[in-house]
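J.: Each chain, letter by letter, is given below.
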Amino acid sequence: MDSEKQKNKRGFLKENKWLIMRRLSQVLILLLFLIGPWFGVWIVKGSLASSLTLDFLPLTDPFILLQSVFAGFITDGKAVMGAGIVLVFYAIVGGRVYCSWVCPVNIVTDAAHWLRHKLNITGSVPLDKNIRFWVVVLSLMLAPITGMIVWELVNPVTMLFRGLVFGLGFAWVFVVAVFLLDFAISQRAWCGKLCPVGAFYNLVGKVSLIKVNAFNRDDCDDCMDCYQVCPEPQILKPVLKGESKSTLINDSACTNCGRCIDVCEPKVFKIGWRF
Amino acid sequence: MTKEEKARRKFISDTIKTVCGVSLLGMGAGLYSNSASSLPADILRPPGALKENDFLSACIRCGLCVRDCPYNMLFLGKPEQKVATGTPYFIARTKPCEMCDDIPCVKACPTGALDHSLTNIDDSRMGLAVLVDQETCLAFLGLRCEVCYQVCPIADKAITLEKQHNIRSGRHSLFLPRVHSDYCTGCGKCEQACVMAEPAIKILPHRLAKGHIGDHYRLGWQEKEKAGGSLVSPDAKREYNLPEGVVYDYETGGVTEKDSPFSKNPMDTLNK
Ligand code: SF4
Ligand code: SF4
Ligand code: SF4
Ligand code: SF4
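First to last, the protein sequences are chains A and B. For the first sequence, our numbering begins at 1 and goes up steadily by one. For the second sequence, our numbering begins at 1 and goes up steadily by one.
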């Protein structure tokens, strides 16, 4: 009760600054792809799988390209450069920045989590958070076995984005499935336990330079607000409880979404450099 | 059981569960991929597309080819369609390929799923036009149609017209469209243009459109030409068991009647 009053005093914008910026980023990226087909102004062409910005900057999803390599195809095109640029970018800003600032599915799973919380649904099938890495292995192994990029047949991430830009078709079924999974069956299951795209970027982000820092952890009053909003709550405890020496949230599962900074009343968190 | 042992057991059982679950998922996806890997016959790939198997490992489903096609005739497969999700295709009957000289779709492809070595659009082989229904094709009925012939961008090469006597009327010619696989790119213009309610000429994938004579076959006349002369020379004199009055002439190679009732000069016959 107390903290709620306090928050109201801080104001909506302050409490949701990072969330708002994130949503803006996600929507803006989508709009960049859409103003071409809508208005004939071509700033960005293609989709998240591979795009060309201003007829000059190629960007390619390294995970899909890697599947293509595993399926036995060596590209001779711009895709290599595009994937390189993307890898370097996420290696610097944090791999899972893709999840919280770009991926459209994040909006869906966040919504599922929000509704779950609002309706006080507590039952949740426990899933191991490492399943997603197995799914990465699986999607890479299936490629040579079948000789095709199999994961892209079912990947809700690319399916939703491509659908929004090129026409959805029945892709919404996959998106609704993800929503229902997170909402009714297991909390934060898709992004937190299963999605291989997030897991792949998680691995990319191992070396990332930008990190959330619980620099002020001594002021933590155990309100648990950050645990409630964090998409990967298991990474908070070691840092907040002083189990780790550094105050950096070093686990690369962190999506750098900044939601903890938003909700924390005593201002424990800030975003900063790794070093 | 000690605490460590409990933890270890839990770890092992969790790992097994995870691996089993993920394997199940994999089997499902693998089976699904199987059904998604064969392209229906009426769905065509853009120019330069690799063979379907290779294409499905090379195309990263970005849609750049779709975007750069000035005629907006390429589309990306949706999950409910019988084409691998997100891969580009077109339907000849609704919107065929206009065979752009600069082939922007191929240039746009970031991976080479559309083969960058294709530089002359006339060399593309998206499929092969086949006059699938000779029973309804207007030209075969003796009507002057030839629309497919007129619209074909590889003029007078990919489709030619063959004249044939019209037996039904006895007085006219049939102008029969005939496709030549050496030239047809499979662009689909002919199928789109066919005036019938259901086209008589359709673009089929090569695997369905082409026969194959068999590698062990040798065509006599071709072999003869290659060898620069008959391969069974000198032509042996044959023994035939012929009916009475019929002779086999070794020199001219013909079988003729010895005493024809007709004189060599037709006038003799008429004057008889
Ligand atoms: S985990 Fe997957 S679905 Fe979730 S935000 Fe990241 S990429 Fe998107
Ligand atoms: S050649 Fe031209 S019309 Fe044909 S698919 Fe490519 S861009 Fe489209
Ligand atoms: S541009 Fe190439 S990789 Fe992209 S969708 Fe077209 S064929 Fe596939
Ligand atoms: S598909 Fe038809 S129009 Fe196109 S090249 Fe072949 S015969 Fe000509």
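If you're looking for bench data, these hints aren't it; they were derived computationally from the structure. Errors might be hidden in some of the hints.
[Claimed, not checked] Each pair of labels, with its calculated beta carbon distance range: (1) B:H116 x A:Q228: 19 to 29 Å; (2) A:P233 x B:P40: 44 to 54 Å; (3) A:R10 x B:I12: 41 to 51 Å; (4) A:V27 x B:D122: 37 to 47 Å; (5) A:F56 x B:G21: 25 to 35 Å; (6) B:E4 x A:P233: 41 to 51 Å; (7) B:R8 x A:K206: 20 to 30 Å; (8) A:I107 x B:K95: 49 to 59 Å.
Model, not experiment: these values are computed from the prediction. Cβ atoms here follow ideal geometry from the backbone N, Cα and C, with glycine treated the same way.
J.: When the hints from earlier in the document are held up against this structure, which numbers fail?
T.: 1, 5, 6, 8
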